[in-house]
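**Student:** Residue-level listing of the chains:
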Amino acid sequence: MRKRLAFIAALAITAGPAAAHHGWGSYDAANPLTVAGPILISKFENPHVTISVRGSDKVWTVTLAPTSRMTNRGAVQAVVAVGNTVSAYGYPSNVQPDEMRAERITVDNKTYEMR
Amino acid sequence: MEHDAPAIFAALEHSAFAAAIRQSSWLYPLANVGHILALVAFASAVAVMDLRILGAFAGTVPAHVLRQARRAAILAFCGLAATGFMLFSAEASHIVVNPVFRLKAALVAAGLLNALAFEVVVRRAVAPLPAGAPMPRAARMSAALSLAIWIAVAACGRSIAYF
Chain B
660 MRKRLAFIAA LAITAGPAAA HHGWGSYDAA NPLTVAGPIL ISKFENPHVT
710 ISVRGSDKVW TVTLAPTSRM TNRGAVQAVV AVGNTVSAYG YPSNVQPDEM
760 RAERITVDNK TYEMR
Chain W
140 MEHDAPAIFA ALEHSAFAAA IRQSSWLYPL ANVGHILALV AFASAVAVMD
190 LRILGAFAGT VPAHVLRQAR RAAILAFCGL AATGFMLFSA EASHIVVNPV
240 FRLKAALVAA GLLNALAFEV VVRRAVAPLP AGAPMPRAAR MSAALSLAIW
290 IAVAACGRSI AYF
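Sequence order for the protein chains is B and W.
Here the first sequence is numbered in the working numbering, starting from 660 and rising by one per residue.
Here the second sequence is numbered in the working numbering, starting from 140 and rising by one per residue.
In short, the hints are calculated from the structure, not lab data.
Where a beta carbon is used, it is the ideal one built from N, C-alpha and C, also for glycine.
Some hints could be false.
[Stated by the list, open to error] Cross-link-like lysine to any residue pairs, in silico, SDA-like; alpha carbons within 20 Å at most:
1. B:Lys702 / W:Trp165
2. B:Lys702 / W:Ala158
3. B:Lys769 / B:Ser727
4. B:Lys702 / W:Val261
5. B:Lys702 / W:Ala150
6. B:Lys702 / W:Arg161
7. B:Lys702 / W:Glu258
8. B:Lys702 / W:Val260
9. B:Lys702 / W:Ser164
10. B:Lys702 / W:Ala155
11. B:Lys702 / W:Ala149
[Said to hold, decoys possible] Sample of chain B residues lacking proximity to chain W, with all beta carbon distances greater than 12 Å (derived):
12. Ala695
13. Pro697
14. Asn705
15. Val754
Build the full structure now, drawing on both the sequences and the hints.
**Tutor:** In structure tokens form, the structure reads like this:
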């Protein structure tokens, strides 16, 4: 019985889908979408900046670039601050239904490339 | 998927240490580059030991080569562990449920066990051998296994980001 419980526990842990935030492989490039709306949460952190955006359908977690690249391209912390309106063009995650990775974002009519 | 990870990993990710790594503009890249450099040093040292046992540089005294390379391998492994812990902490609750990371962790354990088995079981047989002497079969098997495991570990490490 104990052995069986341990097995079930191990299975439960292993079954948790992965959520790595790096490569583009786990995003569906065949179905690009644009999420536009106000920024609800902004985490200007490594390895990737992430923002939560209230889109027309739901709240999306949008994965952006590493902090140094964001800064180099002018997409500094203030550009993706909470309350700003953003339009993010990118690809939905194959793993997490509410996550997408942005190819580029537009804030105040200025577009920043994330790749 | 944070809720799927055991609480201790969520706690690690939410620690001040992990937050500092994420919020710094240079700590994460530093750990990233450091991890690769430590890997290069570790792989080199391990390759020297394993290749010597498999018959390369046969003109050298094996115990001498192993002693020198072992020191470098241990030092490099400490560097790998330290930088790896930094990279892991920043996203602990995500990475711990990553299937490739789990495979990598199992392979690291296997690699360390193999190294331990070598040190405990085979080292004494190799120690008195002069240059040019044929290596015991157990030593050669351990060395071949070591090379295979550590190459697989490196491949897994690079693949974590894509799964």
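**Student:** Each hint needs a verdict: does it hold in this structure or not?
**Tutor:** Do the hints match the structure? See the list:
1. B:Lys702 / W:Trp165: holds (16 Å)
2. B:Lys702 / W:Ala158: holds (11 Å)
3. B:Lys769 / B:Ser727: Given pair Lys769 (chain B), Ser727 (chain B) holds - Cα atoms ~19 Å apart, limit 20 Å.
4. B:Lys702 / W:Val261: Not satisfied, since the Cα-Cα distance of roughly 52 Å exceeds 20 Å.
5. B:Lys702 / W:Ala150: holds (18 Å)
6. B:Lys702 / W:Arg161: Roughly 9 Å between the alpha carbons, so the hint for Lys702 (chain B) and Arg161 (chain W) holds.
7. B:Lys702 / W:Glu258: violated (47 Å)
8. B:Lys702 / W:Val260: violated (51 Å)
9. B:Lys702 / W:Ser164: Status holds; Cα separation ~13 Å.
10. B:Lys702 / W:Ala155: At roughly 15 Å apart (the allowed maximum being 20 Å), Ala155 (chain W) and Lys702 (chain B) satisfy the hint.
11. B:Lys702 / W:Ala149: Holds. Lys702 (chain B) to Ala149 (chain W) sits at ~17 Å (cutoff 20 Å).
12. Ala695: holds (26 Å)
13. Pro697: holds (23 Å)
14. Asn705: Given that some Cβ of chain W is not farther than 12 Å from that of Asn705 (chain B), nearest at about 4 Å, it is violated.
15. Val754: With a cut-off of 12 Å, Val754 (chain B) comes too close to chain W, as the shortest Cβ separation is near 8 Å.
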